[in-house]
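Using the hints, build the complex out of the two chains.
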Amino acid sequence: MIKSYKLRRHISNALIYLILGVMCIIWIAPFVYLLLHSLRADGAAVSNGELLPEWYTFQNYIDLFSGTGSSTLNFPKWFLNTFIVACFSCVISTISVLAVSYSFSRLRFGMRKKLMNIAMILGMFPGFMTMIAMYYLLKIMGLDGNLIALVLCYSCGAGLGFQISKGFFDTIPRALDEAATIDGATKNQIFWKIILPMSKPIVVYTVLTAFIGPWTDFILAKIIMGDIQENYTVAIGLQLMIDLDHKTTWFQEFLAGSVVVAVPITLLFLKMQKYYVGGVTAGGVKG
Amino acid sequence: MKKVLAIILAGMVTATAFAGCGGSGGGSTASGSESAASGSESKADGGATIDANWPDASMFGDETDIDLKVWAPDAAVELVKKQVEEFKKHYSEVKFKNIEVRAQGESDAATNMIKDPEKGADVFGFPSDQLDKLLAAQVLSPVAKGFVSTIEANNAEKPVVAAKEGDSLYAYPETNDNGYYLVYDNTVVTADDAKTFEGVLEACKKAGKQFVMDAGNGFYSCTFAFTGGALIDGFEADGATQKFVDYNEDTVVKTLMAFAKLMKTYKGTFTSQDVANISAGFKNGKVAAGVDGTWDSNGNKDALGDKFGAAKLPTIKVGNEDKQLISLFGYKYIGVNARTKFQRSAQILAYYLTGQDCQTQRAETLGWGPSNTKAMEAVSSDPIIQAVSAQSQNAVPQVKIAGTFWTSMGTLGSEMYKDGWNPDDEAATKSLWEKVVAQIRDE
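Line by line, the protein sequences give chains A and B.
What the first sequence shows, in the working numbering, is residues 1 to 287, in sequence order.
What the second sequence shows, in the working numbering, is residues 1001 to 1443, in sequence order.
Chain B on its own, in the form it takes in the complex (with noise of 0.2 Å):
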């Protein structure tokens, strides 16, 4: 029997010993891009030209036969596609042998690139809070210096900002709307009326419909204690709890005492649903209006046609002051591999993707919000675009994000929705309140 037990063993020791193999495998090519990158980044410096869009073709630098593959979410895939034609044409110079594009949905980019880098796409796109899983995993290789300072120029500030880490930039800054607003049937719910929370809730109300907010999400709920002052502001020292501003505890608890109320006073009007359901409710005369996302917005204009309206987040009455609705916003981003082995031509498709023309047509065939400032300036009158950016105005970056932060924030929700919660309690919100802060710090 022992016998057998180490022939298993060494069995297992090869095989392990073998899997490693291809790891190390894939590490000793990283190195060699990285100074590929470095090779790319010298060139810039030396006065290689950049335009908004285009590189200058000499920053492939002996880059040939150049095999790339790209990720995209599935509605994005046709028009990166688009893109990426536009790209090869344009470098005709240079030989591509292939520019792959497949679907990869964004909300699991991060975990499916850490998986296996090696497998993963080298241009891919990912949201902000991935990043620092990203980061940590060592997955993303920073943008080539050359290109820093002209993507600083070109971009809005926040998004760049919080892509830095010490001096050096990871990721392309994308689009500056990953963000929920309010989307409403402006038959049903007027302009005005979309200015207080309140003011919506009483539409609907009239009209005998719903108003749709996911309140058991912590993605959506975290807006009821932003609200209240109690920002999150990155992690504390040691990477990984959530620090919050300093925020005054009786405000929170009174705001959050103000979200339960109206709750309360418009019980089968405001309904906690999944958000996909609000497009569905608009199309069958359920829904009258809805926290929904940027992602959503082509599905609710559909719906909706030219009853469609949208705005920033309301305000809501707490005490004598009407509070506006502070929100979770992100950014995306597309990443290049560190791992890939054409790192220039990587860099470069990257720089372009999310150039000033490239961020145009996504705003204008699927209704990004471009981070990019021209390419803001030519769509900015898209009433979704103006509602997303109002709101980014009152909100916080969704970067540095504990885990612990979605569910305890869907917690605190979902318990202010529950039907026995008694709003006026203000022991029990505060108690509610101090749970959830604990859960979230992980005390």
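Next comes chain A alone, as it looks inside the complex (with noise of 0.2 Å):
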């Protein structure tokens, strides 16, 4: 046994720091790989057993963006097709879910309990099981293949995913409400002058998780747009990058691709970031 404390506490810290240390190491090993691969320059070949690049060249990126030698893959316009469903998704699923959590949390109305209850019970389901049955009843509405069909089905669900953001509102005071309310504030005002306003970090996470489903979505949207490849959204896209057809000529680019779907969701992250940090504690009741 080891007497002495300061020993002690260096040996544990030690252990501790190896443990995160490696842990560390195999979280991010697999984003420095897709980043130094993407700038690979030795030919097309998928993984050839070697950790690092013997050549560095960012031709990838411009291959990725100019599209030569397919007839199909068309980055910069899936990118493109991405950007935009995303903005719209995000702008009308961000609202709706507030709006939905507003309400739970603010009023109260006969089947208040009841539709809470529903929307818990239908988010349990996975959303896998539905697919099909969306991707029929687009069909009959003529919106298979199309991007209207994918803003849709990713923002009109949106407002089930509700429970994170009500859990935000009910630790807004109601003092607030009834103080705005005496003032002669409506419901309406009141949700966006007063509730908005001091839950700057809800609506950020609200607004990226909104804005990076349709990036990261992948079978819905391959359900949705089937040989449609001019509307496919970066997800689908990469992945036919490396299909049997195209592997051997598209690693690299599929690389680069995965890199630059990154871009758009830092952004916006780094953007709204500093809201993070305001919140809840920049207002507030006092005394």
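Keep in mind that the hints were calculated from the coordinates and are not lab data.
Backbone N, C-alpha and C define an ideal beta-carbon position, used for all residues, glycine too.
Warning: the hint list may mix true and false statements.
Claimed, not checked - Just a few of them, taken from the derived set where beta-carbon distance is under 8 Å, the chain B residues facing chain A:
1. P1073
2. D1074
3. A1075
4. K1088
5. G1105
6. S1107
7. N1112
8. S1279
9. D1296
10. K1374
11. A1378
Here it is, written out as structure tokens:
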């Protein structure tokens, strides 16, 4: 048994740092690999078993955007598609999530409890269960293979994910609402002018999750788009780059594309990051 | 709460009913088009002329404003578009609205077809191993009877026979080349070395370069078992269990041991990698030979230029005997969607696309080995096509293969390739082989 407290602390710290270090490397290795190999210059191999590329080049990124050598792979178009879908579904679903949360948190109406339960139950079903049904419904409406269909699917059910922001709204004292009501504010005004400005962190969280959705969703987008390659989003498009037909020539561009996808999400996060710090501490009831 | 549930359930039921509507609507169009197809058959029997490329224009019947969708793999899209233009020009008296050519990888053509045949292509290419799936899902329209005898006369026998079910032919043979062969850098491996597996590996080792074969992939590793005589022979009577021919287990085990021995002896030279690495390896000089398929032919040719060499798979020494490696070999077909609205036009287009001219053009620009015998003669000097056709003599047709086949054969290859595997351990090899067979046959 080690007597010295200092030594014991050093040893335990060393162990903890070692474990954390290993976990950190495991977690970050795929990202580093992706980034380095997207700059690899030795031809078009899938992983050739090398950890670090021998030569580096930007050519993969240039090829990705110029899209030569294929009649269908059009990354810039896919990127634009995804961006448009992401923007629309982000705006619609953020508003609907926040509105639903506010209603459940502040308003009292007949079916309130029951609706919340139904929402919980529906939310428990795995999403892909309804995908085929959704596809056929969209087909009846003539929306399959269409970007509007994606916006609809991503944003219309978004209100069901109200739990987190409702929980947040519940922490804002009702005294604020009451004070505003005495001053003559309507429920609508309270939502926009009192509650929202105080809920920046949760607004940011909602915006980010809604924006990321279209960039990462694969299954639903694939089912809806079918063979309409010009309306693909980046997720399906990137997968197309590594199918049997394209893998030999497009693998490097696939890696580059995966890196590029991270850019808009990162930019949005950096832009909104500062609001994370603000939030409730900035306002609230004094005394 | 109960009431609410009832409402939700009612909603779900209506939704499914709607989806059902969509399906049944499609069904009725399918039956309608079938009758149209039988119409075209009788006409063809009635003496309309059909040559190796062009059926008579009268076979279009009363179809007008023809709107078709064609699926072709990305690499072939440009060419197929050109061929479709030719098609429209040839039948100038027929009114076409649009013939659209879309890229669709052949590897998942069947999956996408079955998902929603109504939205699938009217005319589409697919490899032979997807035939069962497509037939089971009833998305293939049988080849118009009037075309069958011409197709039989003009094409190699095996691809035609493989696409038959009962009396009907279910797809138009497009290629007779869907397999793998030996590619090599002829500055390292001589044509003589390429005759034996040992020779190829020795030459690669001397040059300090790699030999690539995807031993963990069932598509390639089944070669190990086939070479030993454990050939597959369609399904058992239940239509799902893989049937093997009667083989001598001792020979299989001995052959597997010979393969494992080579992997061990030439460790570092024999590497199991994705075949995509072969062309890249040729480019950067790390790879000197490999087992690759026809779909990568152009990439490998570009990478090696003048140094490109191709041959049938080599032989391997088992005991005192040189055994020819036996591979899996498939065909590609063009099928007609059973739900297409323009059944006659789709059949004629499929016939034309698999005709002599189109096959020759694809062989020349894409390197696809024709199933049409005359087209084959036209390109038979091509070294790849020679290699592929030589290998096709030593191959098992890639039809009627159980879903369990691929991963189990993959396990066989990857176990043998593992560092710790002892190639001289007969008992272990035997038990591995028995395990693999049990897995394939799901016993």
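These are the hints, each one checked on the structure:
1. P1073: Given a least distance of 5 Å, the restraint on B:P1073 holds.
2. D1074: It holds, given that the least Cβ distance between B:D1074 and chain A is near 5 Å, below 8 Å.
3. A1075: 7 Å, holds
4. K1088: 19 Å, violated
5. G1105: 4 Å, holds
6. S1107: At 4 Å from the nearest chain A Cβ, B:S1107 passes the 8 Å test, so the hint holds.
7. N1112: 7 Å, holds
8. S1279: 6 Å, holds
9. D1296: At 6 Å from the nearest chain A Cβ, B:D1296 passes the 8 Å test, so the hint holds.
10. K1374: The hint is violated - B:K1374 has no Cβ within 8 Å of chain A, the shortest such distance being about 28 Å.
11. A1378: Result: violated, 26 Å to nearest chain A Cβ.
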